[in-house]
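Let chain A serve as the given structure and place chain B on it in line with the hints.
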Amino acid sequence: MSTESALQTATQLTAAWAKATTTPEANRVDISVAPSDLHSAVAALHGAHWGYLAAITGLDSPTTNEIELLYHFCQDAAVFTLRVSVPRDDAAVPTICDVMPSASLFEREVMEMFGAKIIGTPDTARLVLPDDWEEGVYPLRKDFVPTPDAQATKV
Amino acid sequence: MHTHAEVEKFVVPIGPQHPALKEPGHFEFTVDGEMVTHASVRLGYVHRGIEKATEQRTWVQDLYLLERICGICSHTHATAFVLGVEKLAGIPAPPRAQAIRVLVAEMERIHSHLLWLGVAAHEAGFDTLFMYTWRDRETIMDLLEGLTGNRVNYSANVLGGVKFDVDAEQADSIRRGLDFLQERTEHYLEVIRRDEMFLRRTRGIGVMTQAEADEFGVVGPTARASGVARDIRIQAPYAAYDAYPVNLVVEHAGDLEARFIVRVRELLESYRLIRAILDALPEGELSKKLPRRIKSGETISRVEAPRGELFYFIQSGGGDKPTRVKVRTPTLCNLASVLTLVIGHQLADVPMILVGVDPCFSCNDRAVVLKSERDEKVWAWEQLRQYGIDFYRKGKA
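Taken in sequence, the protein lines are chains A and B.
1545 is the number that my numbering gives the last residue of the first sequence; the numbers go up by one with no jumps.
404 is the number that my numbering gives the last residue of the second sequence; the numbers go up by one with no jumps.
Here chain A stands alone, though its shape is the one from the complex (with noise of 0.2 Å):
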């Protein structure tokens, strides 16, 4: 399958939830949905057997009040983008992971590091950031400045 075809496919499978499509590159479509058609949209994807899913990336951005969670899926050289943006301080979005178990670390990574919420995900604990890193300072927010006597210094 071509990478035009698979793209075409992908978005013909979540057309139902797509608020906006944009193609940033030749390989790549991008599909913005609500928080809550995320799940319906990516066992859409599932179920069709189209590609996996190759990473949870999160882009926060104070200007917007937004945080927006990128859910990449791959088949061979096509790159599927669904987008989810939340509101910075109610950041919440549906598990997949009754979908895609593989899921499970990526949410894991999303949650700390951006302090978005997954809701329903199976396993909540810290996967990266220390264990007595304080609660609710997420650092790859763009607020969180890194120096150098912050929390990392403690362990």
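Computed footprint of chain A on chain B, listed as stretches where at least three residues anywhere in the stretch have a Cβ under 8 Å from a Cβ of chain A: (1) 221-235; (2) 313-321; (3) 338-347.
Since the hints were made in silico from the structure, they are not lab data.
Don't be surprised by glycine CBs; every beta carbon is placed ideally from N, CA and C.
Just chain B, lined up with the frame of chain A:
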């Protein structure tokens, strides 16, 4: 009096301290007698906040920072980053530079796979194979040092190209080294396919079916040993891989033996590829100049590291620093599979299954506390390994 269940079932924590491991991990295996019934992982012991740090450094500084994420596959990290930045800038590196990137990447794959073969053989109690592979690995380490000046962190890439050229004399010494390695590797392929003792540690152990491999989203040799044709060099050729095509190496058994065979066959494929590059290195300049500020945009850069797909997401706001660099290493994908794979296996097979996905394991002391109602004793990794070897020496009673 304890009931049977109370004394027979306990948690075996393995890790986290392990100086030689790229990503030291803390595993907890719940065992019922000899059988593993549950596994979980805790990472982050070497979390250095590199993703955050990239946002405070310039594009050029980030190249050197990202190359230091991993000591074994440093070149693939740098390559993923420069390819992404060049895409954002719209200035691809010249063909000769791309070919040299692939050349170094394949030499790095050789050293990484030989390193793994030695470590895996050691975990199986086959120290002769470990000694021989690591001796042979010095051949490629010397060649890398001769070419780049470094045994690790080769620093071959710059934004827009590469730093050094390959002359005829260097090409000849690489060819001579490969001739030696070719002969040795063919012998190792015989050993891992034929040695009865070794096969008892690998055949039918840690089986991952193709459906499972797809479901877990595993990458690299671990996926290809389960029949999943997933190799970024072939599916989405980057740098010069379209000019020097790679032949897919795939096995279908999905067990540890298949993972050995895939990696050793990939060595042979890398030798062929390097010869092809040296025979037809395009002429031309080595680098293009990139601006200090990179056009705003987002890009995804995927490269095939020795352990599998390495995924970079790079976002530029148009400044001299990236606004976001996201790195997803292959080990993260593959570790998740281990947690499921070990369930139902003997504790004695755990070292081999862990090593089977190549999470940068090496051998050193690490504490293992066996907790139970009755007693508590501390095991070093060495003891767990020895336990595995003794278990198989006596035979699975």
